[in-house]
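Quick note, the sequences are listed as chains R and Z, same order.
Numbering-wise (this note's numbering), the first sequence opens with residue 623 and increments by one.
Numbering-wise (this note's numbering), the second sequence opens with residue 10 and increments by one.
Calculated directly from the structure, the hints in this document are not laboratory data.
Warning: the hint list may mix true and false statements.
[Unchecked claim] Residues of chain Z clear of chain R, computed beta-carbon distances all greater than 10 Å: (1) Lys-24; (2) Gln-34; (3) Gly-75; (4) His-93; (5) Glu-129; (6) Ser-138; (7) Leu-143.
[Claimed, not checked] Partial selection, computed: residues in chain Z whose CB lies under 7 Å from chain R: (8) Phe-43; (9) Phe-44; (10) Ala-45; (11) Thr-47; (12) Leu-77; (13) Leu-149; (14) Ile-151; (15) Asp-163; (16) Thr-166.
[Said to hold, decoys possible] Heads up, simulated BS3-like pairs for lysine-lysine below, C-alpha to C-alpha not over 27 Å straight-line: (17) Lys-700/R - Lys-140/Z; (18) Lys-140/Z - Lys-124/Z; (19) Lys-636/R - Lys-625/R; (20) Lys-36/Z - Lys-701/R; (21) Lys-636/R - Lys-124/Z; (22) Lys-36/Z - Lys-636/R; (23) Lys-625/R - Lys-36/Z; (24) Lys-668/R - Lys-36/Z; (25) Lys-124/Z - Lys-36/Z; (26) Lys-701/R - Lys-124/Z; (27) Lys-668/R - Lys-700/R; (28) Lys-668/R - Lys-701/R; (29) Lys-668/R - Lys-683/R; (30) Lys-668/R - Lys-24/Z; (31) Lys-628/R - Lys-124/Z.
Cβ atoms here follow ideal geometry from the backbone N, Cα and C, with glycine treated the same way.
Next come the chains, spelled out residue by residue.
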Amino acid sequence: MAKISKSQVRAAVKAIIEREQREGMASPILQINESNRVWIRRNLRKHLEPVFSEMPLNKDKIQESVTRHQDEVGQYLKKQESKTAKTPFYIDEVVRKGLGEQASCH
Amino acid sequence: MLAEDHIESGNSWAKIIWEDSQDVQYKETSVRFFFAWTNPFDYLVVINVSADLVARGQCTLTAFPGLLFGGWTSLFLTTQLKVHLSGVAIGGHDQEQEITSFDADTWGSLFGGDKESRSEDVFATANLSLKQVLVDPHQLVIVDVRMIAAYHIDNGTVSLIFARDPPYVACPAVMLEILAPPP
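Excised from the complex, chain Z in its bound form (with noise of 0.2 Å):
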């Protein structure tokens, strides 16, 4: 959940606390930054999109032994740019970037299973571009960058606490060039 946000030219930044404890196959939640850019030209250009992603926080999973198998908990942290003109998304996953990855992971008690917890320190900054975007005239560009924790838990915990240390999660800026000359 988001615990607080800031929104200003250069430094745009937000804090978040996401605890889950239900057992799940897969899911994500994602911190989300969007920056709007109109083609301000009465001709087609063609631009390069880049943007810094910045995420100081740390994560924990736990697992917890069962009777006789222990549970399993994994998260996978990632980035993404995506460039959304009227409607069509551009980039994804094609562009992602992981920040971490790791999980945890125990016996069932039977075995000699016990609680099994894992932290990681995260302070980690994501060069991410787009190029080559093809732009109408006056068209708007949306730009969204963003921080993606996918998990799956099996009798365990995900916690994720981006919220201690500045710069939390932040994306200061997007860079557009424009490439395309005037007709």
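The shape of chain R in the complex, shown without the other chains (with noise of 0.2 Å):
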């Protein structure tokens, strides 16, 4: 019975991590919504930021980038996991606690 090597071990284990480095890794169902909410989050600062740095605020500006932002999150979740479909309820939520308080400022 031939006993493996030492040698031999390492270059399975080499090849086992040059093989995942090549194909990726498989990603694991609980990415799915979080990098979703990520990129949700993302995309809604860009287009939001830019507007509240120019003062004063303007509330029309913001809705108007606020819709923007939902369209594109429309077509960003269309071409995802089915299972990231309640992910814009959350960022509804955001923006409404956004707008409230920013409306109780003026």
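Two independent chains are provided; combine them into the complex using the hints.
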């Protein structure tokens, strides 16, 4: 019976690591919803922060940006897994709260 | 990053210190223990594989407020067992066991957001197993036991320290149960 050598084991492990780097790791299910949330949040920031930097604050512009963002979220989610379907409700809540607080500052 | 490691039959462990502050939609870092076994028989066998992975350390997440939006950082700490046979991986995410998951979140400073930090002490043992794996005669089996930290950073930081108290991250052994009788 041939015993396996350390160098054979090392070579096998190296091959495993190289294959994973080449093919990429399978995405765990837990990643899908969370990484979509990150994308949505960044996209909203991308549209809203330039508007907020122009003082005084213009609510129409904010609403316009939010609408544009929501359109883009819709397009983005179409390309994603169906599991992300509930994500926009979260961001709607963030926007509503943000706008509510903003309105109360005026 | 691997701060220190030790390989010994029944006492293999690794010390890990990992810090990241770059915004990232998804990133993984992992600690892996590889075990090798060759089917010594001239016939195909069926094996059950199991391993315990012990993790003891601390995870800290921080989120910073931007002007309008607050930062958000989240972490999933899981364990996994895979068996590699001639370039084919068996198991993986379906065998995954969560150790902990949490996040740090804050509002933008316009809305009163402030720096938010959350820490969790981890001292957990994951019992991982994979059943009924077919192994050809004299085939090499590589068992891959790992702890995976998957995270997102949006204006924040992630810190993992498994280097202060033993056993840090340890996988002492893999148990193989040979089920198939000789032909």
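Problem - Status of the Asp-163/Z interface restraint (C-beta, 7 Å, chain R) - result: holds, 6 Å
Problem - Closest C-beta approach of Ala-45/Z to chain R relative to 7 Å, hint status - result: holds, 4 Å
Problem - Lys-636/R paired with Lys-124/Z [C-alpha distance capped at 27 Å] - result: At roughly 42 Å apart (the allowed maximum being 27 Å), Lys-124/Z and Lys-636/R break the hint.
Exercise for the section: Would you settle whether the hint for Phe-43/Z is holds or violated, based on the nearest Cβ-Cβ distance to chain R being less than 7 Å? Expected result: holds, 5 Å
Practice task
May I ask you to test the interface hint for Thr-166/Z with respect to chain R, counting a Cβ-Cβ separation under 7 Å as satisfied?
Solution key: Constraint on Thr-166/Z not satisfied, violated at 15 Å.
Handout entry: Interface hint status, Leu-77/Z versus chain R (Cβ within 7 Å)
Key = holds, 5 Å
Exercise for the section: Taking the shortest Cβ-to-Cβ distance between Leu-143/Z and chain R, state whether it exceeds 10 Å. Expected result: holds, 18 Å
Exercise for the section: Please work out if Lys-636/R and Lys-625/R have their alpha carbons no farther apart than 27 Å. Expected result: Measuring from Cα to Cα gives roughly 19 Å; hence the hint holds.
Exercise for the section: For the pair we were handed, Lys-140/Z and Lys-124/Z, check the Cα-Cα distance against 27 Å. Expected result: With Cα atoms ~46 Å apart, Lys-140/Z and Lys-124/Z exceed 27 Å; violated.
Practice task
Please settle this one: Gln-34/Z was flagged as non-interface, so is its CB more than 10 Å from every CB on chain R?
Solution key: Answer for Gln-34/Z: violated, closest chain R Cβ roughly 5 Å.
Handout entry: Closest C-beta approach of Phe-44/Z to chain R relative to 7 Å, hint status
Key = violated, 9 Å
Problem - 27 Å Cα cutoff - pair Lys-36/Z, Lys-701/R - result: holds, 21 Å
The earlier numbered hints that this structure contradicts are 2, 3, 4, 9, 16, 17, 18, 21, 23, 26, 30, 31.
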